[in-house]
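Sequences are here, hints too, so could you generate the full structure?
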Amino acid sequence: MATQQSRSAARIMMAPAVILLLGWMLVPLTMTVWFSFKKYLPLRGGDLGWTGFDNYVRFFTSSAFWPSVQATLVIVGGVLAITIVFGVLLAALLNQPMWGRGIVRILVIAPFFVMPTVSALVWKNMFMDPVNGLFAHLWKLFGAEPVSWLSEASLESIILIVSWQWLPFATLILLTAIQSLDSEQLEAAEMDGAPPLKRFGFITLPHLSRAITVVVLIQTIFLLSIFAEIFVTTQGAFGTKTLTYLIYQRVLESQNVGLGSAGGVYAIILANIVAIFLMRIVGKNLDT
Amino acid sequence: MARSVTTRRKTLNTLFAWAVGLLIFFPILWTILTSFKTEAQAISDPPVFLFFDWTLENYAAVQERSNYMRFLWNSVIIAGGSTLLGLIIAIPAAWSMAFVPSRHTKDILLWMLSTKMLPAVGVLYPIYLIFIRMGLLDTKTGLVVVLMLINLPIIVWMLYTYFKEIPGEILEAARMDGATLKEEILYVLTPMAIPGIASTLLLNVILAWNEAFWTLNLTAAKAAPLTAFIASYSSPEGLFYAKLSAASTMAIAPILILGWFSQKQLVSGLTFGAVK
Numbered sequence: 000m001a002t003q004q005s006r007s008a009a010r011i012m013m014a015p016a017v018i019l020l021l022g023w024m025l026v027p028l029t030m031t032v033w034f035s036f037k038k039y040l041p042l043r044g045g046d047l048g049w050t051g052f053d054n055y056v057r058f059f060t061s062s063a064f065w066p067s068v069q070a071t072l073v074i075v076g077g078v079l080a081i082t083i084v085f086g087v088l089l090a091a092l093l094n095q096p097m098w099g100r101g102i103v104r105i106l107v108i109a110p111f112f113v114m115p116t117v118s119a120l121v122w123k124n125m126f127m128d129p130v131n132g133l134f135a136h137l138w139k140l141f142g143a144e145p146v147s148w149l150s151e152a153s154l155e156s157i158i159l160i161v162s163w164q165w166l167p168f169a170t171l172i173l174l175t176a177i178q179s180l181d182s183e184q185l186e187a188a189e190m191d192g193a194p195p196l197k198r199f200g201f202i203t204l205p206h207l208s209r210a211i212t213v214v215v216l217i218q219t220i221f222l223l224s225i226f227a228e229i230f231v232t233t234q235g236a237f238g239t240k241t242l243t244y245l246i247y248q249r250v251l252e253s254q255n256v257g258l259g260s261a262g263g264v265y266a267i268i269l270a271n272i273v274a275i276f277l278m279r280i281v282g283k284n285l286d287t
Numbered sequence: 000m001a002r003s004v005t006t007r008r009k010t011l012n013t014l015f016a017w018a019v020g021l022l023i024f025f026p027i028l029w030t031i032l033t034s035f036k037t038e039a040q041a042i043s044d045p046p047v048f049l050f051f052d053w054t055l056e057n058y059a060a061v062q063e064r065s066n067y068m069r070f071l072w073n074s075v076i077i078a079g080g081s082t083l084l085g086l087i088i089a090i091p092a093a094w095s096m097a098f099v100p101s102r103h104t105k106d107i108l109l110w111m112l113s114t115k116m117l118p119a120v121g122v123l124y125p126i127y128l129i130f131i132r133m134g135l136l137d138t139k140t141g142l143v144v145v146l147m148l149i150n151l152p153i154i155v156w157m158l159y160t161y162f163k164e165i166p167g168e169i170l171e172a173a174r175m176d177g178a179t180l181k182e183e184i185l186y187v188l189t190p191m192a193i194p195g196i197a198s199t200l201l202l203n204v205i206l207a208w209n210e211a212f213w214t215l216n217l218t219a220a221k222a223a224p225l226t227a228f229i230a231s232y233s234s235p236e237g238l239f240y241a242k243l244s245a246a247s248t249m250a251i252a253p254i255l256i257l258g259w260f261s262q263k264q265l266v267s268g269l270t271f272g273a274v275k
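Keeping their order, the protein sequence lines are chains A and B.
Quick note: numbering that gives the first Met the number 0 has the first sequence finishing at residue 287, numbered continuously throughout.
Quick note: numbering that gives the first Met the number 0 has the second sequence finishing at residue 275, numbered continuously throughout.
Honestly, I wouldn't trust all of these hints.
[Unchecked claim] Quick list of in silico lysine-lysine cross-link-like pairs, DSS-like style, CA-CA up to 30 Å:
1. A/37 <-> B/115
2. A/38 <-> B/115
3. A/283 <-> B/115
4. A/283 <-> B/139
5. B/221 <-> B/139
Rather than coming from a laboratory, the hints here were simulated on the basis of the structure.
This is the structure in structure tokens:
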């Protein structure tokens with residue numbers, strides 16, 4: 000039983016982590032909200048006073064806003080669709096009996112450990128380059144005209160790069176979930192004459208629904224803020240300017256801090272909407 | 000009743016799975032291979048796969064041109080430092096939440112997780128400003144602190160999950176035998192917690208090593224780690240595929256190896272225990 004003494008000791012031991020995270024959350028957040036109500040241009044006059052909700056209105060109505068929301072949604076949606084569909088298929092495949100499963104699993108999850116700047120640059124230059132890229136060689140082999148991927152199919156290219164990075168994450172989590180499936184249930188269904196596709200659709204897939212939800216939520220939070228992949232490839236050109244990249248440009252490139260901060264508040268609200276759902280699932284799991 | 004699997008089906012599975020695995024791994028394999036080619040061979044048409052004159056000149060060139068070792072050292076310090084600092088702060092916190100839970104433990108854990116959801120770009124300027132004011136811009140110290148803070152929730156969560164699995168009765172027995180709190184932590188808890196701490200350390204080194212928002216935005220020449228060094232290849236001069244590949248191979252090799260050891264912990268670590 001916890002005594003009064005050990006309880007106060009526990010509080011002291013928790014304090015550094017709690018205080019640090021509290022500071023990390025509150026101080027910058029307060030500053031962002033503060034700046035968002037100001038006309039603040041560090042390189043052109045500095046703090047030019049309060050402007051009310053002006054920045055929020057201007058960010059919302061600027062011509063770059065809706066395209067950036069659209070680009071964000073297309074990238075997040077595209078990557079989610081690809082990683083979930085192929086993640087489920089890969090997990091189901093890796094769960095089958097085979098030789099060298101450990102090695103195959105390592106091959107499949109390896110991309111997750113590649114730093115974002117490396118994967119983006121390798122894809123950009125060695126695969127997607129219209130002259131020297133492997134795709135260009137492959138296209139020429141079949142007599143087709145090489146495509147300059149990052150300008151002509153920019154969103155698709157970004158989606159491909161990011162999906163390659165996140166497919167291992169989805170696969171690994173879904174594989175863990177599949178392995179916890181009771182095999183007796185599947186065997187019973189098999190003996191009752193259910194064909195493989197039906198067994199997959201009516202037993203495996205429902206069993207995976209929770210894991211899929213978790214993958215969707217966690218990936219969404221990370222995908223909403225992808226940055227390096229765009230920074231080293233298109234720099235936001237060719238319609239790949241996501242909300243995150245737009246805010247980055249407003250804040251650091253054009254140094255319009257007030258406007259960028261208003262955008263930041265929008266991004267925080269958006270991320271929190273997703274986070275609430277994730278926290279519910281995680282919280283439920285804590286009770287058991 | 001165990002199902003017997005026909006050899007034919009197993010062979011088909013194996014072939015298909017290996018083909019898919021190699022396809023997914025191919026970009027990494029191709030990068031490693033290209034790093035051993037000359038620049039001319041790296042862009043030869045048609046591409047050469049294995050039959051070229053293997054050379055180490057790119058590795059020498061990368062080091063010579065840009066002092067690669069310095070970036071590597073920055074990465075080691077930043078990833079290692081932030082993880083160690085995080086562990087020092089998180090171990091007591093996770094310990095107390097696992098063994099002396101209160102009514103608020105669950106709320107505190109969830110709140111900590113929620114700080115992880117804060118989009119970095121939303122607080123980019125405040126952090127940038129604080130860094131300038133405190134002279135932390137382009138310093139390893141600054142990045143160690145920031146990366147420690149963004150990974151602290153994950154560290155606390157992972158440790159909490161591991162500590163939860165240690166039976167509390169053993170600690171009570173130690174207490175009955177007259178062990179002080181310090182002795183209890185040092186001689187009873189720590190040895191049992193080592194595997195959990197080790198995997199937490201591993202996963203967080205990987206996350207910090209690959210972090211590419213703060214490392215790109217808060218460093219310039221001095222404290223730049225490998226993420227930023229590689230990004231400098233985004234506006235290249237002349238032929239550079241082989242050199243890019245050599246630099247990339249060196250940047251990802253240590254983490255690939257660490258990653259293979261940590262694949263088991265990855266799932267529970269990255270889903271905050273929601274999938275086990």
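Hints and how they fare:
1. A/37 <-> B/115: holds, 27 Å
2. A/38 <-> B/115: holds, 29 Å
3. A/283 <-> B/115: holds, 18 Å
4. A/283 <-> B/139: violated, 39 Å
5. B/221 <-> B/139: This hinted pair holds, its Cα atoms lying about 8 Å apart.
Figure legend: structure checked against the earlier numbered hints; the only hint not met is number 4.
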